[in-house]
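Protein chains in written order, with my numbering: chain B, 1 to 216; chain P, 1001 to 1216; chain G, 2001 to 2264.
These aren't lab readings, by the way, just hints derived from the structure by calculation. There's no promise every hint is true.
Coverage of chain G stretches by chain P, computed from C-beta distances (three or more under 8 Å per stretch; other residues unrestricted) [unchecked claim]:
1. 2068-2074
2. 2118-2126
So the derived list for chain G, only partly shown, Cβ under 7 Å to chain B, looks like this [claimed, not checked]:
3. L2063
4. G2145
5. L2146
6. D2164
7. L2211
8. F2214
Cβ atoms here follow ideal geometry from the backbone N, Cα and C, with glycine treated the same way.
Here is what each chain is made of, one letter per residue.
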Amino acid sequence: MTDRAEPIEKSLFEAPPMAEQERMAEAILFASAEPVTVAELAARMPHGCDPAEALAHLRRRYVGRGVNLVRVGDAWAMRTAADLGHLMRKETVEQRKLSRAAIETLAIVAYHQPVTRAEIEEIRGVAVSRGTIDQLMELDWIRLGRRRMTPGRPVTFVVTEHFLDHFGLESARDLPGVKELRAAGLLDNRPLPGAMQKPDEEDDETSAGQSELFED
Amino acid sequence: MTDRAEPIEKSLFEAPPMAEQERMAEAILFASAEPVTVAELAARMPHGCDPAEALAHLRRRYVGRGVNLVRVGDAWAMRTAADLGHLMRKETVEQRKLSRAAIETLAIVAYHQPVTRAEIEEIRGVAVSRGTIDQLMELDWIRLGRRRMTPGRPVTFVVTEHFLDHFGLESARDLPGVKELRAAGLLDNRPLPGAMQKPDEEDDETSAGQSELFED
Amino acid sequence: MSDPIADDWGEERLAPADRMAAEALIVDVDGYEGPLDLLLMLSRTQKVDLRRISVLELAEQYLAFVNRASALRIELAADYLVMAAWLAFLKSRLLLPPEPGAEGPSAEELAAHLAFQLERLQAMREAAARLMARDQLGRDFFARGLPEDVTRLRKIDYSATLLDLMRAYARIRTKDDFRPFVMDRNHVFTMEQALERMRGLIGYAGEWADLTSFLPDGWDVNPMRRRSSTAAHFAAILEMAKRGQVEVRQGETFAPIQIRRKEP
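My request is simple: use the sequences and hints to build the entire structure.
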């Protein structure tokens, strides 16, 4: 089981050689669930051993290794070398595309902020799930704005600094407008009554939101 | 915190020196109570490292020490030297007394794997109780293997890495006396001749079983 | 094993020593793990290598055991009896010369297989013992007592570019233009809706009444809604007139349109 050829116990009253004592201290410290005091070591090692000296040897042996022998209060323990702590973390990064619902919601918040959830739903034509809002909040791309001064005082959403950073924008005003979208071939060239309008020319449904648009 | 003066990370694309890789492998293995695979080491060490070589260095370093680096299947673990077990009485885990049926069933799975329940019963000449299998599964010593490609597609049992770890085996090939047993034909699944044999199942099972035996 | 039982067995006239031996064997039956285990134990009395064991002798030993057990009225599990029957068959085959042209395996083959099974079981027993005698984790050698858990950080990096954002917005705006109807639905009253309404109301309209009085509440303030609902209801009464359900009249151009239920 072990690679050692020599027997350990020499005699009943003679302490094992120091190298052997060091091995013993090493095994005990390794297997113990808690730091071990010198007294505990003495109690567990054969009679006549010198645990303090064995620890001193052991400590020197582990200098500069991946684990070190460290003192914890009155006791001793083996610990990962501080400079290797980063190895004890396993990080997995998963690249994922935002869902269509999330990116559309984000776009609406960006173009229409501050915007209420009801408005987002009206613009998208479908309900916005709680999860989508949460996800965008978690990503720190949108945050809560001021409450709208209308019945029910609904909360509004605005984009964050972090959003601007991520998309390389100085402010939400720098978002490409409808003309640029069309120039980029993202919109049809034929005139589209709704899409052509400047924000403040739109009908009364959105006018409340539009007056506050890009306010900050 | 550490006694080392040199910085670890040299450059983004250059692997750390082997001494450093050895330290890293040492830290990771010390930190884990479970065996760690080479693949897992590679995933946690910086890009370009050679964990297998680091392990070889590490193993040599711990020869004859109070703790040793041992191989468990595809993985590696630090374990106290077996000759020092008497010092660790405090750490000893009370082990459930296994029934004779459980011990024999375990041995049969280990030596004959992958093995079906019917085969275990044929070898022991008695039915294997559900409880015996459950107990060995609970101990995480055996697990389900692939289904046998014979009529009925019976499940097979194989031993786990945890089994190897528990009994200090590098692989199932290192089971005591396995070579002699195989040479003596005692690991053959020899079918009952003639009348006692089930029509066509037996032949298929035997050949499949033997070709898969110790396949890894 | 008290006297009443002994009385029962009186007729067997077993010598106490024999009976003790028999009982010792029987008491052990519980300890056997099936007939193969029992055979393995019996084979040890032959004191030979299992490869040279006399299966005939073993069969006789086993049958004698089963006979003794039944004499002692010990109920043996079915599989012990199955094995006894098979061994009796094997014994007869071993003793008699083979029938010419007999099919199936020879008695020797069957006997060899039984010997193999015993040897294999014995080998597994020994292997199990050697396995359990090994140094074991948590008893003879130990894992790290104070493992440092690896912190697992799972980071999901959601990516979206400005182009994604622009595309998404363009998609929404385009969608708006293609389905203004959906957006404005709350200002539109369809003819189907009006027809449905009128069908319910006309029952009460025995006298001539203005069409406008039939318009639903809340649809007369907003001009767009008023136009939509008026048009819908007008279309509805025309349809009903065609079916002969109502009469429609108008005094002059632009005068109020009046309706009443047509009597059947």
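Hints and how they fare:
For the stretch 2068-2074 of chain G, the proposed coverage by chain P is not satisfied: 0 residues have a C-beta within less than 8 Å of a C-beta in that chain, short of the threshold of three. Counting residues of the stretch 2118-2126 of chain G whose C-beta sits closer than 8 Å to any C-beta of chain P gives 7, which meets the bar of three, so the coverage hint holds. Annotation: G/L2063 was flagged as interfacial toward chain B, and the flag is violated, the nearest CB pair being 47 Å apart, outside 7 Å. Interface hint status for G/G2145: upheld, as the beta-carbon distance to the closest one in chain B is roughly 4 Å, under 7 Å.
Interface restraint check for G/L2146: the shortest CB-CB distance to chain B comes to about 6 Å, inside 7 Å, so the restraint holds. With 7 Å as the threshold, the beta carbon of G/D2164 comes within range of chain B, its nearest partner Cβ sitting at about 6 Å, so the hint holds. A distance limit of 7 Å between C-beta atoms decides the matter here; for G/L2211 the minimum to chain B is near 29 Å, and the interface restraint is violated. Here the hint on G/F2214 is broken, as its CB sits about 29 Å from the closest CB of chain B, past 7 Å.
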